[in-house]
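Student: Residue strings, one per chain:
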Amino acid sequence: MTRIGLIRLAVIAALIGGFELACRAGLVNHRIVIPPSEMAGALAALLASGAINSDIERTLGVVAVVIALSVTFGFAAGIAIHALPRLREALEPLFATYYAVPIFIFYPVLIAIFGLSPIPIVLIGVATAIVAMIIATINGLDRIPRVLSKVARVHRLGRIATAVRLQLPAAAPYLFTGVKLSVSYGFIAVIAAEFILSPAGLGRDISDAYTDFNNRRMYALILFLLIIATVVNTALHALDTRWSERRTGGRP
Amino acid sequence: MTISPSQREVHVQVAGVTRIYPAAGDHPPVHALGPVDLTLRKGEFFAVIGPSGCGKSTLLEVLAGLQKPTAGRVTFEGQLVSGTVPEGIGVVFQEDASFPWLTVWDNAAFGLRRNGVKEAEVRRRVDDALSFMGLKDFTRAYPSHLSGGMRQRVCIARTLVLQPRFILLDEPFGALDAQTRLLMGDEMLRLWRRTGATVLLITHALDEAAMLADRVGAMSARPGRFIEIIDTGWPRERDSGIVAEAAFGEITGRLWERLRGESMKALGYDAAAMAAE
Chain A
0 MTRIGLIRLA
10 VIAALIGGFE
20 LACRAGLVNH
30 RIVIPPSEMA
40 GALAALLASG
50 AINSDIERTL
60 GVVAVVIALS
70 VTFGFAAGIA
80 IHALPRLREA
90 LEPLFATYYA
100 VPIFIFYPVL
110 IAIFGLSPIP
120 IVLIGVATAI
130 VAMIIATING
140 LDRIPRVLSK
150 VARVHRLGRI
160 ATAVRLQLPA
170 AAPYLFTGVK
180 LSVSYGFIAV
190 IAAEFILSPA
200 GLGRDISDAY
210 TDFNNRRMYA
220 LILFLLIIAT
230 VVNTALHALD
240 TRWSERRTGG
250 RP
Chain B
0 MTISPSQREV
10 HVQVAGVTRI
20 YPAAGDHPPV
30 HALGPVDLTL
40 RKGEFFAVIG
50 PSGCGKSTLL
60 EVLAGLQKPT
70 AGRVTFEGQL
80 VSGTVPEGIG
90 VVFQEDASFP
100 WLTVWDNAAF
110 GLRRNGVKEA
120 EVRRRVDDAL
130 SFMGLKDFTR
140 AYPSHLSGGM
150 RQRVCIARTL
160 VLQPRFILLD
170 EPFGALDAQT
180 RLLMGDEMLR
190 LWRRTGATVL
200 LITHALDEAA
210 MLADRVGAMS
220 ARPGRFIEII
230 DTGWPRERDS
240 GIVAEAAFGE
250 ITGRLWERLR
260 GESMKALGYD
270 AAAMAAE
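So the sequences go chain by chain: A and B. Once you know that position 206 of the first sequence is 205 in numbering that gives the first Met the number 0, the rest is easy, because the numbers rise by one and skip nothing. Once you know that position 234 of the second sequence is 233 in numbering that gives the first Met the number 0, the rest is easy, because the numbers rise by one and skip nothing.
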């Protein structure tokens with residue numbers, strides 16, 4: 000592990016340790032927050048009991064569907080919008096203000112149309128994540144060096160070969176940024192949507208535990224989601240760093 | 000008996016080539032080039048020099064088949080070149096055109112693999128080209144780990160493996176410092192002698208043109224036309240050492256004499272008024 004990585008770990012360990020001490024010393028009300036070690040113990044017991052397996056499956060399944068749809072259709076839409084300059088000109092102001100609109104306000108409408116199924120959650124998730132992918136795709140296509148299209152012609156590549164062999168790899172770092180954002184937004188939207196109105200899922204489970212004053216269960220589930228989100232984002236970040244190291248030689 | 004350039008067979012013929020970019024939006028049509036006439040003989044090293052914006056790169060792109068001429072015709076080995084790049088033509092661009100996602104070796108192998116050349120032959124040609132370009136110790140490196148000059152050599156290697164008979168170089172050393180340019184010039188001369196290809200070099204550097212080429216074509220300000228073609232008279236076996244020769248100074252002096260007024264025109268100066276002052 001690098002020196003920076005060790006410092007990062009030390010900072011996190013110090014924060015958790017400090018929080019543990021504060022809880023144990025009674026500086027934090029035990030009825031409001033339990034010590035981190037108890038959260039970990041409660042999570043281990045919950046996982047071992049298998050009581051939340053179906054919720055884990057449902058939530059992670061919905062998140063996976065949301066990410067897959069957002070990335071696929073966001074990429075396709077980005078290509079189409081990039082190819083149609085007038086459409087792009089018309090849509091760009093909407094993209095710029097898109098995240099200022101609270102997409103969750105449409106949740107009741109979606110519930111009314113689709114009922115309490117995973118569909119409204121998937122739609123809310125896709126609506127939240129897809130625009131990040133569209134913007135990243137357009138940005139990536141903008142940044143393909145012009146000289147590559149000349150190189151393609153010198154090598155007598157056709158349209159598809161040019162796109163697959165040159166344009167796609169050239170735009171890949173920007174597309175990957177879109178994927179990372181879609182994953183984050185997808186996660187946030189699905190958990191939040193489950194909180195509001197969903198018969199099942201980890202978000203629903205946390206909400207129920209909160210309503211029932213079941214702190215041990217609530218913090219165990221929160222810890223579980225934190226771990227999942229951290230692992231996924233760290234893995235994506237590690238991949239991104241490895242690729243950009245190759246492409247830029249470590250230069251920013 | 001050695002064959003002088005003028006006795007060799009015609010390789011590339013440019014006849015009355017003009018390029019006018021059509022009006023776009025509020026911008027009127029731009030007459031960028033011509034009419035230009037030029038004959039390149041097989042195995043000749045020809046340099047084109049001229050003021051900024053005179054149409055040098057347009058000429059290169061028309062010769063390569065990357066652009067269609069508005070009028071006139073270009074033939075390569077007797078075949079008409081018009082809008083598509085024929086087999087046998089290789090182009091090295093001024094911009095860094097290396098592929099950052101591929102290693103040096105895979106960059107060089109790109110065109111051969113694309114053409115379906117057998118892997119053993121790909122290996123032989125790529126290893127040979129990288130060794131010739133002094134990159135054999137960097138085969139597994141990515142372009143980002145190389146200097147600008149080395150990345151340009153990767154692009155040259157990628158062109159070289161395809162064994163082009165006509166190599167077009169668009170200010171390939173434009174981004175390099177003066178010393179590196181001289182050394183890259185030596186490499187270009189080695190490459191030219193080894194491949195026997197016809198080479199057309201676009202450059203804005205008088206010394207580079209005078210050192211490398213058998214003939215140097217000086218172009219006017221836009222629309223670019225050849226105002227003089229100077230025969231350098233250098234022997235085929237030459238290197239950057241010729242910059243110390245008196246003839247080198249004479250050639251660069253003569254080139255500058257022809258280009259000074261054109262460069263001032265390109266910058267918007269009134270050359271006649273300035274001379275009168």
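I should point out that these hints are in silico values taken from the structure, not numbers from a laboratory. Fair warning: there could be bad hints in the mix.
Quick list of simulated restraints, FRET-style, between CB atoms [as the list claims (entries may be wrong)]:
(1) A:W242 to B:A14: 45 to 51 angstroms
(2) B:W255 to A:L93: 51 to 57 angstroms
(3) A:A82 to B:E256: 56 to 62 angstroms
Examples of chain A residues lying across from chain B (beta carbon under 8 angstroms, computed) [as the list claims (entries may be wrong)]:
(4) R7
(5) A99
(6) V100
(7) I143
(8) V153
(9) H154
(10) R155
(11) R158
(12) I159
(13) L238
(14) R241
(15) T247
Nothing here was measured: the structure is a model prediction, and the numbers come from that model. Glycine is no exception: its CB is placed at the ideal position from the N, C-alpha and C atoms.
Student: Could you run down the list of hints and mark each one as holding or not?
Tutor: Outcome of the hint check:
1. A:W242 to B:A14: 45 to 51 angstroms: With a Cβ separation near 49 angstroms, W242 (chain A) and A14 (chain B) satisfy 45 to 51 angstroms, so the hint holds.
2. B:W255 to A:L93: 51 to 57 angstroms: At 56 angstroms between Cβs, range holds.
3. A:A82 to B:E256: 56 to 62 angstroms: violated, 50 angstroms
4. R7: violated, 26 angstroms
5. A99: violated, 33 angstroms
6. V100: violated, 34 angstroms
7. I143: Result: violated, 12 angstroms to nearest chain B Cβ.
8. V153: With a minimum Cβ separation of about 5 angstroms from chain B (threshold 8 angstroms), the hint on V153 (chain A) holds.
9. H154: Cβ of H154 (chain A) sits 5 angstroms from chain B, so the hint holds.
10. R155: holds, 6 angstroms
11. R158: violated, 14 angstroms
12. I159: violated, 13 angstroms
13. L238: violated, 14 angstroms
14. R241: violated, 12 angstroms
15. T247: holds, 5 angstroms
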